[in-house]
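K.L.:
Could you put the whole structure together from the sequences, leaning on the hints where they help?
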Amino acid sequence: HVHRLGAYYAGQLHSWDVVNEALKPDDRQPGSLRKTVFYDKLGADYIDIAFRAAREADSKALLTYNDFSLDFDIPDHANRRRALLDLVDGMLRRGVPIDAVGIQAHIDLADMPRFSEKVFASFLNELSQRKLKIIISEMDVNDRDAPSDIATRDSAVADVYRRYLSVALDNREVIALITWGMMDVDSWITRGDDAKFHRMDGQKPRPLLFDDAYAPKPSYFAVAEALNAAPAR
621 HVHRLGAYYA GQLHSWDVVN EALKPDDRQP GSLRKTVFYD KLGADYIDIA FRAAREADSK
681 ALLTYNDFSL DFDIPDHANR RRALLDLVDG MLRRGVPIDA VGIQAHIDLA DMPRFSEKVF
741 ASFLNELSQR KLKIIISEMD VNDRDAPSDI ATRDSAVADV YRRYLSVALD NREVIALITW
801 GMMDVDSWIT RGDDAKFHRM DGQKPRPLLF DDAYAPKPSY FAVAEALNAA PAR
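Sequential numbering from 621 applies to the sequence shown in my numbering.
Quick caveat, the hints were computed from the structure, so don't treat them as lab data. All C-beta atoms, glycine included, are put in the ideal place defined by N, C-alpha and C.
Listed below are the simulated DSS-like cross-link pairs for lysine-lysine, each with C-alpha atoms no more than 30 Å apart in a straight line:
1. K655 x K816
2. K644 x K661
3. K738 x K751
Pair ranges (Cβ atoms, derived):
4. Q632 x S736: 34 to 44 Å
5. S768 x Q632: 38 to 48 Å
6. E746 x R783: 17 to 27 Å
7. D769 x S736: 21 to 31 Å
8. R702 x D731: 11 to 21 Å
P.N.:
The structure is reproduced here in structure tokens:
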């Protein structure tokens, strides 16, 4: 499959992340949009302008809106899901050429008790009912609160990948899965400059599919199992 997809997309980009992280519902901005230089200079129309310009520049690639904190059954994420649906509904009404939504899926293992398969599946269905493709665009797992024992911790991280992807990949409009890095050493979680990723035991986080020696971890096999179990596209 990889070989055939590579041949099909030779010389052609699969998709563009046209606008990234534009939403901030708690800012009380019109349309729940984040206050940025683009908003200040162009107003809320900057998103439409960006997508129309992207389509003019590339007539074939999927044009994607990408954002975070859309995953859990908590008020903040619920507000962001509604704001995103309102955003794309407006774009579709105006004939803006949006093809896909990217869900970043930066998952904190400690938040998984607040992951509702039913709520997340319903959100994905709302996107697919709008004839939008869905990309899981930046997936990784913050293991800050997982046990120190490596085997136990890797198993817990793998369970997050398995549980999340069993829901995501059940929706046939989820057409791509991208992890935010491949090896633990390359992750933004392991670089050490963000306190929210620091483990109390001082150990290095293990958020991705391969360890620093390129060896596949349980999360690699969990992702492979989820992909193999997914309905055919």
